[in-house]
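There are 2 protein chains.
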Amino acid sequence: MNHNHYCIIMAGGIGSRFWPMSRQSRPKQFIDILGIGKTFLQMTFERYAQIVPAENILIVTAERYRDLVKEQLPSMPDENILLEPYKRNTAPCVAYATYKLYKKNPKATVIVAPADHLILGDAQFNDTMRAALKAAEQSDRLYTIGIEPTRPETNYGYIQINKAFSEKVGTHSSFQVKTFTEKPNAELAKVFLETGEFFWNSGMFIWKLQSIKDELERCLPEVTTLFHGGEDFYYTNGEAAFIRRVYEDCPAISIDYGVMEKTQKAWVFLSDFGWTDLGTWESVYEQVPKDDAANVVSAEVRMVDEVEGSVVLETNPGKLVVARGFEKMMVVDMPDVLLVCRRDDKTIKDIVTDLTVKDKIDRYL
Amino acid sequence: MNHNHYCIIMAGGIGSRFWPMSRQSRPKQFIDILGIGKTFLQMTFERYAQIVPAENILIVTAERYRDLVKEQLPSMPDENILLEPYKRNTAPCVAYATYKLYKKNPKATVIVAPADHLILGDAQFNDTMRAALKAAEQSDRLYTIGIEPTRPETNYGYIQINKAFSEKVGTHSSFQVKTFTEKPNAELAKVFLETGEFFWNSGMFIWKLQSIKDELERCLPEVTTLFHGGEDFYYTNGEAAFIRRVYEDCPAISIDYGVMEKTQKAWVFLSDFGWTDLGTWESVYEQVPKDDAANVVSAEVRMVDEVEGSVVLETNPGKLVVARGFEKMMVVDMPDVLLVCRRDDKTIKDIVTDLTVKDKIDRYL
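Line by line, the protein sequences are chains A and B.
According to the working numbering, the first sequence is numbered sequentially starting from 1.
According to the working numbering, the second sequence is numbered sequentially starting from 1.
Careful, some of the hints might be misleading.
As the list claims (entries may be wrong) - In silico lysine-lysine, DSS-like type, Cα no more than 27 angstroms apart, as pairs:
no.: 1; chain 1: A; residue 1: LYS319; chain 2: B; residue 2: LYS262
no.: 2; chain 1: A; residue 1: LYS358; chain 2: B; residue 2: LYS290
no.: 3; chain 1: B; residue 1: LYS38; chain 2: B; residue 2: LYS290
no.: 4; chain 1: B; residue 1: LYS319; chain 2: A; residue 2: LYS358
no.: 5; chain 1: B; residue 1: LYS107; chain 2: B; residue 2: LYS262
Keep in mind the hints are simulated off the structure, nothing from the lab.
Next up, chain A with everything else stripped away, as it sits in the complex:
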């Protein structure tokens, strides 16, 4: 493996779509939502440890999740765990990791990836990422990974390619980005699929550290000026205090909106490995193995009868679940919260908002 290759895993999200299983105190990336014995963070780490040296993997997360990272990745050195004191979206997260790593290795080429996606097809994925690292090293382009769509999905953002500017890297095609689009409606998603010009935006990036540093400074000077002078503090006892000052003043802005949609250097690297951001319970339901009645039942002790197409997740060890006579429901039982709803309920995020804003009850978040 190339010692100039790095991976920055963004693990600071507090996603509420998997509430009550994911909580602010233990969000999705730190839980084993698929019941496979590994959390998303652990799976993501292991995935990138096949592509870059393990000691070159950095985790950016919120201060409050430090112990969860240490617990789930005990071999991770402290200096590789970057702690954000405030939530400022992804641009400051990328900037922090970029400036810090730049002090150590300005020749680095990095993958930036979310901690909570599901990838199926390891070999294909590894092959794609290695090719993308190689392509990024040989240019100053900012690559994103575009996934060939298999259905008119309305839950993903799309990337439109510019067919006029393309490059082959081995068997892989890459194109200049024409536009990034928001989640389309069903009609538009169908058009996207038919044109062949639109790819799912996976939210994974590959670039030289120098390339992203230059573009951050060009596109987001209001963020990058805050980081100036930081090279005296990174990898020292003063780092946390410096970062606290920076983040306090830092605007919250995404790397997509702040850089990718503005830069002329956005390219997309195409692939068709199995990918999902598992953004809804429905998408988890689709991915996990189901029993003969199309159920996903995680209860240790259970009596399930005349139940179909349902998800039953029991997180209290040894608790008996008796489920009878329903279909397409979701039952999630935690020590302090019980959720019973339709499997395709799209408003779970709103429950969390209601709890926060209307009821002002924060102990269940």
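We have chain A; now place chain B onto it with these hints.
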């Protein structure tokens, strides 16, 4: 109140129809299933304390429920709590209470009543029971209370009256019993209702102690011979050991089958106070107050949306229940068991049987 009037409350059942809320360790009579702040046992005690002196109320229960009785009825003297070492159905229960009380007061007239029924209309009930006590005192009849049926109910047993032998006691009618019948099917229940000769069998009895003693000895000598010689032990330290010997050899037989269906002295005292044995979740649902969406939701903290005609009982203090998008369901959440089923599920008893017989898991019973 007449100091020769007594009440024997039968509180030894381990009914499984309200599982998981009722358990073998705390059956229905010891829980507040209606959420009114009192258990069935407490309600039953208070009801009869209006009719007989409180110190004349006896509770017959299983040894393992002694502490529950003491906790729920702290003023009850120990000698009034009759503990059964084994489950032997109601005939031995009645025999034990009869022989014990006979030592103290052979002139007693007693009401024998289950601990777990719901009575609505206190005044009417009290009036009926007082009249029945009076009637029993003046004869050697074994009275049962028959409830005027309001619908062709298939969950109750019926009593057919013999119109040729009747007696008025104040405003109350009583008749000789022609037959006791099992739970009828829907068609038969309709016929029962139309004839006007059939009444619901409430399972409450009124008789002189001497009358039931005589009939027990006539109908069930295999039970009563075991109790001979007991008068040396009742109200002494030797009572428990004596009763243990008796119960060990005692056949399990119900007072209905063992005495009432055999005796020539069975009479029925008619009434139409509100009565239900609350034998199913559905009957509880019918009795308790419901919200605008016809739901019964007992969770302390809850977010209920687009839920109709459902029962949601959360017994874990402070646990948040989020219920959305279902109807006519039942959700019962206990620390160790979660039940989600149709509200009219008639097979909950079978779950308990399955757990016992098939799965041999006794920790959830």
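* **Those earlier numbered hints the structure runs against, lowest number first** => Hint 1 contradicted; others consistent.
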